[in-house]
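Protein chains: 2
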Amino acid sequence: MLTRIDHIGIACRDLDATVEFYRRTYGFTDVHTEVNEEQGVREAMLKINDAGDGGATYLQLLEPIRDDSPIAKFLAKNGEGVHHIAFGTDGDVQEEADGIAAKGVRVLYDRPRRGSMGSRITFLHPKDCGGVLTELVQAAAKPAEH
Amino acid sequence: MLTRIDHIGIACRDLDATVEFYRRTYGFTDVHTEVNEEQGVREAMLKINDAGDGGATYLQLLEPIRDDSPIAKFLAKNGEGVHHIAFGTDGDVQEEADGIAAKGVRVLYDRPRRGSMGSRITFLHPKDCGGVLTELVQAAAKPAEH
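If you're matching them up, the sequences are chains A and B in order.
Letter by letter, the first sequence follows residues 2 to 147 of my numbering.
Letter by letter, the second sequence follows residues 2 to 147 of my numbering.
Calculated from the structure, these hints are not laboratory results.
Hints may be right or wrong, so weigh each one.
Identical copies look the same in the list; a pair holds intra-copy or inter-copy alike.
Claimed, not checked - Cross-link-like lysine to any residue pairs, in silico, SDA-like; alpha carbons within 25 angstroms at most:
id, residue 1, residue 2
1, 74, 141
2, 128, 57
3, 74, 113
4, 74, 132
5, 48, 92
6, 104, 127
A quick note: this is a predicted structure, and the numbers were derived from the prediction, not measured.
Let the hints inform the model, and build the full structure from the sequences given.
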């Protein structure tokens, strides 16, 4: 079952400047950063609030680390802005995706890939989701230290 | 202080079909609907999870009710998809906006307008927010009944 909005993914050209914008403007400071080579991004997670399911809701800021990454292509086409939204699941993300696929929504990965902070993730096709690139997230069993 | 992600605003052409998509695909059923004449939209709020500040996080589905509404113009330019993100404040939304304006971010309304479920809202200029149209929300003192 999907039990929370896990994060909003935002594409940016300069991660450090964007983290600083969110800190200076709103005071958001709970930051985890990592490089995801497979996704071709350097990213920062800003925790905004706890969620009622025991998880949390984040902003995920994404800067491309190579020109052929999906985020680089998104920026070239659309400029900076919201790239995707992500729902958190309380169970196995592949089982969740299989259930959604059975309803006719295309799942973009054959098997889950590694997401932020040790999570397992997959994506749903935006054309099947009202124009919204939608990610499913299974958080790591133990949250990573910040 | 901004204490939660209040909602993600999603522009759609057919509100009823989009509500049905989210129900059928993910099981989201906690729905409040209303017409906001000033904003030129018919909207549905799908509550996804409680937030740690006592509020909640929603998807806000937005269908235009006239061709000159901002949502109609967004759809004509971009098609369906994420329109804005909204942060919830624990205090007065105008005071929050004034503090943000003092940091050089343009606030789009002179004074707060009526948002979903009796909330008071304002918007920040996307060009000052990394391409993200950003709303600030002060929830109604007592949540509206669904």
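Here is how each hint holds up against the structure:
Within a single copy, residue 74 and residue 141 get their C-alpha atoms no closer than 28 angstroms, and across copies no closer than 40 angstroms, so neither meets the 25 angstroms cut-off. In this assembly of identical chains, residue 128 and residue 57 lie within 25 angstroms of each other by CA distance neither inside one copy nor across copies; the values are 27 angstroms within and 28 angstroms between. Proximity of residue 74 to residue 113 under the C-alpha cut-off of 25 angstroms is restricted to the intra-copy arrangement: shortest distance 22 angstroms within a copy versus 37 angstroms between copies. With identical chains, the CA atoms of residue 74 and residue 132 are at most 25 angstroms apart both within one copy (17 angstroms) and between copies (16 angstroms).
In the homo-oligomer, the alpha carbons of residue 48 and residue 92 lie at most 25 angstroms apart both inside one protomer (22 angstroms) and across protomers (20 angstroms), since each shortest distance falls under that limit. Proximity of residue 104 and residue 127 under a CA criterion of 25 angstroms is satisfied intra-copy only: 15 angstroms inside one chain copy versus 35 angstroms between copies.
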